[in-house]
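Q: Starting from the known structure of chain C, fit chain P onto it as the hints suggest.
2 protein chains.
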Amino acid sequence: MRVDVALTPSEFAGASLAGGAALVIDVLRASTSVVAACAAGCRQVIPVADAEAARARARAFPGGGALLAGEQGGEPIPGFDLGNSPMEYIPERVRGRTIILTTTNGTAAMIAARAAAAAGVAALTNLTAAARWAAAQGRDVTLLCAGEKGRFSLEDAVCAGLLVDRLTGAGEAIEVSDAAMAARRVGQYYLADLSRLLDDSAWARKLDRAGRAADLRACLALASVDAVPVLADGAVVPGVPCGPPAAQPEARR
Amino acid sequence: MRVDVALTPSEFAGASLAGGAALVIDVLRASTSVVAACAAGCRQVIPVADAEAARARARAFPGGGALLAGEQGGEPIPGFDLGNSPMEYIPERVRGRTIILTTTNGTAAMIAARAAAAAGVAALTNLTAAARWAAAQGRDVTLLCAGEKGRFSLEDAVCAGLLVDRLTGAGEAIEVSDAAMAARRVGQYYLADLSRLLDDSAWARKLDRAGRAADLRACLALASVDAVPVLADGAVVPGVPCGPPAAQPEARR
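For the protein sequence lines, the chains are C and P, in the order given. Residue numbers for the first sequence follow this note's numbering, beginning at 695 and rising by one. Residue numbers for the second sequence follow this note's numbering, beginning at 695 and rising by one.
For reference, chain C alone in the conformation it holds in the complex (with noise of 0.2 angstroms):
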């Protein structure tokens, strides 16, 4: 098993994703509140490119019959339902409901995900979950950092660099990447004390400074969510909880 981590959006064609797992990565906010609309029991989330396209998407669910949701600048999009803070994502608003989702990195980071053969979504709120669910998968795993705008975030390499560690703390031989261990590297450094990512991430202190502390707390809550959102036919839907790997590996393909 080797683990790569594609630490900006322009390394996702680098990456060989054909026959391996994914894990996308946008903790600063999408990933994030993908995970916490499926663990609030929603049907699925669709993400899709722009606001446009979700409009477009939502006439397939006449009737009000979907949500729309995202942010455009890391702000609300006029007449969506939901924006972008998992703090949003409660059974109240959510449970049961199709979500069509866009957001500046994150969907984009979940549409590419797609050229993998599993492809899940993580965040720090479900690391030790994702990191089960990519052991489990018995295939090489490349964790999409969906950064800011094409360039790098300091949040997302964390959460990678974290489930590298997690995975080659496993005991199996695992052959890391340059950027795995490097990622790695990082997250260790963080996970000390995870609140300094709110001095030296640039997003974090955008959020900060747009009155968005209580987002953050709930970004950095770490491991406090035991499932794993999945790809399956170019949706995100919500993922049996994953136990220890060894237990039922079947049950997570």
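Since the hints were derived computationally from the structure, they do not count as laboratory data. Any given hint could turn out to be false.
Stated by the list, open to error - Derived DEER-like restraints, expressed as beta-carbon distance ranges:
#1 P/S710 x C/R789: 39 to 47 angstroms
#2 C/A915 x P/G767: 46 to 54 angstroms
#3 P/A886 x C/G790: 19 to 27 angstroms
#4 C/G735 x P/A915: 56 to 64 angstroms
#5 C/A747 x P/A747: 41 to 49 angstroms
#6 P/A811 x C/G790: 27 to 35 angstroms
#7 P/A867 x C/R911: 25 to 33 angstroms
#8 P/P785 x C/A904: 32 to 40 angstroms
#9 P/A867 x C/L892: 17 to 25 angstroms
#10 C/V931 x P/A926: 53 to 61 angstroms
#11 C/R911 x P/S918: 42 to 50 angstroms
#12 C/E869 x P/I805: 26 to 34 angstroms
#13 C/R789 x P/Q766: 55 to 63 angstroms
#14 P/P772 x C/E869: 42 to 50 angstroms
As the list claims (entries may be wrong) - Beyond 12 angstroms from chain P on every Cβ pair, some chain C residues (computed):
#15 D775
#16 A873
#17 A921
By construction, the Cβ of each residue, glycine as well, lies at the ideal position given by its N, Cα and C atoms.
A: Relative to chain C, chain P alone:
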């Protein structure tokens, strides 16, 4: 002043080089070899894209006036005067000479760096001088990691991170991008024992298997050279020795 790191060549386009200062980093081995060549008193190093371009460029220097140098896939190029080992670039072979250089990754980064207002070449071997050179430019600084065939290289990120660490430790208020902050954390980890790179870097392992252990030792000789090669009219030329930045700032422009 802002410091940014382009962790892979695909990030070069997104980095804002115009008006800024850039340092090209290809620790194993092109930038280390260029640092060695300049320290050994070469006249200039002309980076070109490939072996064919090197031979064409050499025709401008009739009568063997220029040395052909470089590698393809890590190996010397048939008919060339020099390979890509920093140990070949000694005064007896290169003093006063023009060197036309092509390598898999480093020379492309040197060519990309021409977009910057001021550009130099950094390696672990000239780390202290390179940090002083960058601080003395009075411009935003972008560190260009040459990587390996378009992908991320651990040793280049470590060198970039140690440069970030020196720049931010100088006391001046410096804006640090997310990528620069991550590289800094990686650099700090390896600084305690640079030989860990021999295990963790894929390219270092490959060079070691190819019998290049002496090259690896030469490339990890931290801050052993007190000079920074700089780009002038598209060629790399030996720079003046760099004192502390406050002492003689004009001499370094």
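Q: Take the hints in turn and mark each one as holding or not.
A: Structure-based check of all given hints:
Between P/S710 and C/R789 the beta carbons are some 46 angstroms apart, a value that agrees with the proposed interval 39 to 47 angstroms. Checked against the hint of 46 to 54 angstroms, the pair C/A915 and P/G767 passes, with Cβ atoms roughly 47 angstroms apart. Judged by the Cβ atoms, the range 19 to 27 angstroms given for P/A886 and C/G790 is violated: they are separated by roughly 53 angstroms. In this structure, C/G735 and P/A915 meet the distance hint of 56 to 64 angstroms, their C-beta atoms being roughly 59 angstroms apart.
At roughly 44 angstroms, the beta carbons of C/A747 and P/A747 sit within the given window of 41 to 49 angstroms. The beta-carbon spacing between P/A811 and C/G790, approximately 58 angstroms, falls outside the hinted interval of 27 to 35 angstroms. One distance hint, 25 to 33 angstroms for the beta-carbon pair P/A867 and C/R911, holds here, with the actual separation near 28 angstroms. Restraint check, P/P785 to C/A904: a C-beta distance of roughly 58 angstroms breaks the suggested window 32 to 40 angstroms.
Distance hint check: the CB atoms of P/A867 and C/L892 are about 19 angstroms apart, consistent with the given range 17 to 25 angstroms. Restraint check, C/V931 to P/A926: a C-beta distance of roughly 58 angstroms satisfies the suggested window 53 to 61 angstroms. At about 47 angstroms, the beta-carbon gap between C/R911 and P/S918 stays in the expected band of 42 to 50 angstroms. Between C/E869 and P/I805 the beta carbons are some 32 angstroms apart, a value that agrees with the proposed interval 26 to 34 angstroms.
In this structure the hint that C/R789 and P/Q766 lie 55 to 63 angstroms apart at CB holds, the actual value being about 59 angstroms. Between P/P772 and C/E869, the C-beta spacing of about 33 angstroms breaks the proposed range 42 to 50 angstroms. Taking the minimum C-beta to C-beta distance to chain P, about 31 angstroms, the non-interface status of C/D775 holds against the 12 angstroms cut. With 12 angstroms as the threshold on Cβ separation, the claim that C/A873 sits away from chain P is violated: the shortest Cβ distance comes to roughly 4 angstroms.
The claim that C/A921 lies off the interface holds: its Cβ sits roughly 28 angstroms from the closest Cβ of chain P, which is beyond the 12 angstroms cut-off.
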